[in-house]
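Visitor: Sequence:
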Amino acid sequence: MLKRMRIALVALLVMVTSLSAAAAERVDSLPAVKAQSSGRSELLMQINSEPLMVAKVEQENPNRAYMVIRPVGLLSDTDLVEMVLYDGTLYSRTGIDTQWYIEATGLPEAMPIEDLPETPTGDVPVTHMGAMPIAGAPTDQYQIWLNSDAAGTSYLKFDLWVGVEANYLHQMQLGMYSNDPDFGALSLEVVQRSYDFDSSIKVYAPANAIEREVDYGLVGVSYATPEANLLLAPFTTNAARTWLADKR
Numbered sequence: 014m015l016k017r018m019r020i021a022l023v024a025l026l027v028m029v030t031s032l033s034a035a036a037a038e039r040v041d042s043l044p045a046v047k048a049q050s051s052g053r054s055e056l057l058m059q060i061n062s063e064p065l066m067v068a069k070v071e072q073e074n075p076n077r078a079y080m081v082i083r084p085v086g087l088l089s090d091t092d093l094v095e096m097v098l099y100d101g102t103l104y105s106r107t108g109i110d111t112q113w114y115i116e117a118t119g120l121p122e123a124m125p126i127e128d129l130p131e132t133p134t135g136d137v138p139v140t141h142m143g144a145m146p147i148a149g150a151p152t153d154q155y156q157i158w159l160n161s162d163a164a165g166t167s168y169l170k171f172d173l174w175v176g177v178e179a180n181y182l183h184q185m186q187l188g189m190y191s192n193d194p195d196f197g198a199l200s201l202e203v204v205q206r207s208y209d210f211d212s213s214i215k216v217y218a219p220a221n222a223i224e225r226e227v228d229y230g231l232v233g234v235s236y237a238t239p240e241a242n243l244l245l246a247p248f249t250t251n252a253a254r255t256w257l258a259d260k261r
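Each position in the sequence shown, counted from 1, maps to that position plus 13 in my numbering.
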């Protein structure tokens, strides 16, 4: 009986290994991706596997979107941030404050949304990792490696999950690793999952928004770079700087 179990386990291991090897293959092109004009998405950012923030986005169209950013983990003492982009104006409020502020005006309109055709990969190494469901939706996973040095001291990696039934981009993941001379080994990971593609979503401009009295927005980032506020906010807090300093 024990011998039969061992044979079965070996056979199962061989089968799984064979399937995994067959699933991952180098490809010459990325598949076509259907563009979405509206939808919802969730985002996670973490550094050295420790979470920094989570975010949710609702988008009516490329020029109207609502985002809520919640710092977590080592930044859990930082205020929640809400942001609204509405026809070229960026609004924000933080924590439990009910007052909305105008962060920037006259932002350029987004480019018209178009489907992305099948794209040749050229010399960029792209691997089809195989089929993988995302939140129940069947997708194909593709992995792209960039700027990976021979010594393994740094890399930049993209993973894309493209829908099978409808070729929307269901999930994308950015991974970066660097052996920084000041902070040592650092890894940054950003994962975004999208859903409710081309659904009926409405975003409204805050009714009580007022101009700020200072020259800088949420976290000391200039109005000239309002988009950067979304991603840089967690990294400009004392908690983040202290945590990075401790890694030296």
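Treat the hints loosely; a few may be bogus.
For each label pair, taking beta carbons as the anchor points, the in silico distance ranges come out as [as the list claims (entries may be wrong)]:
#: 1; residue 1: Ile126; residue 2: Ser200; range: 28 to 36 Å
#: 2; residue 1: Thr111; residue 2: Glu38; range: 18 to 26 Å
#: 3; residue 1: Ser167; residue 2: Thr118; range: 35 to 43 Å
#: 4; residue 1: Ser167; residue 2: Asn74; range: 32 to 40 Å
No farther apart than 20 Å at their CA atoms in a straight line, the calculated lysine to any residue pairs in the SDA-like style are these [unchecked claim]:
#: 5; residue 1: Lys215; residue 2: Asn76
#: 6; residue 1: Lys215; residue 2: Ser42
#: 7; residue 1: Lys47; residue 2: Gln205
#: 8; residue 1: Lys47; residue 2: Ala198
#: 9; residue 1: Lys69; residue 2: Ile214
#: 10; residue 1: Lys215; residue 2: Arg77
#: 11; residue 1: Lys69; residue 2: Met185
#: 12; residue 1: Lys47; residue 2: Leu159
#: 13; residue 1: Lys170; residue 2: Ile214
#: 14; residue 1: Lys69; residue 2: Leu43
#: 15; residue 1: Lys215; residue 2: Glu73
#: 16; residue 1: Lys69; residue 2: Asp153
#: 17; residue 1: Lys47; residue 2: Phe210
#: 18; residue 1: Lys170; residue 2: Phe210
#: 19; residue 1: Lys215; residue 2: Arg53
#: 20; residue 1: Lys170; residue 2: Met80
#: 21; residue 1: Lys170; residue 2: Leu56
#: 22; residue 1: Lys69; residue 2: Phe210
#: 23; residue 1: Lys47; residue 2: Ile214
#: 24; residue 1: Lys69; residue 2: Ala198
#: 25; residue 1: Lys170; residue 2: Lys215
#: 26; residue 1: Lys47; residue 2: Leu199
Since the hints were made in silico from the structure, they are not lab data. Glycine residues also receive a C-beta, built at the ideal position from the N, C-alpha and C atoms.
Visitor: With the threshold set at 20 Å, check whether the alpha-carbon distance from lysine 69 to isoleucine 214 stays at or below it.
Guide: 14 Å, holds
Visitor: Going straight from one Cα to the other, do lysine 47 and glutamine 205 come out at no more than 20 Å?
Guide: 17 Å, holds
Visitor: If you draw a straight line from the CA of lysine 170 to the CA of isoleucine 214, is it 20 Å or shorter?
Guide: 32 Å, violated
Visitor: Are the Cα atoms of lysine 47 and isoleucine 214 separated by 20 Å or less?
Guide: 19 Å, holds
Visitor: Does the structure keep lysine 69 and methionine 185 at a Cα separation of 20 Å or less?
Guide: 15 Å, holds
Visitor: Between the alpha carbons of lysine 69 and leucine 43, is the straight-line distance 20 Å or under?
Guide: Distance ~27 Å between lysine 69 and leucine 43 Cα, so the pair is violated.
Visitor: Take a quick look at whether lysine 215 and asparagine 76 sit within 20 Å of each other, Cα to Cα.
Guide: 12 Å, holds
Visitor: Between threonine 111 and glutamate 38, is the Cβ distance one that fits in 18 to 26 Å?
Guide: 54 Å, violated
Visitor: Are the Cα atoms of lysine 69 and aspartate 153 separated by 20 Å or less?
Guide: Violated, at roughly 24 Å.
Visitor: Is the Cα-Cα distance between lysine 47 and phenylalanine 210 20 Å or less?
Guide: With Cα atoms ~10 Å apart, lysine 47 and phenylalanine 210 stay inside 20 Å; holds.
Visitor: With a cut-off of 20 Å on the C-alpha distance, tell me whether lysine 170 and leucine 56 pass.
Guide: Measuring from Cα to Cα gives roughly 17 Å; hence the hint holds.
Visitor: Would you mind confirming whether the straight-line C-alpha gap from lysine 215 to glutamate 73 stays at or under 20 Å?
Guide: 5 Å, holds
In the structure shown, a violation is registered for the earlier hints numbered 2, 6, 8, 12, 13, 14, 16, 18, 20, 24, 25, 26, in ascending order.
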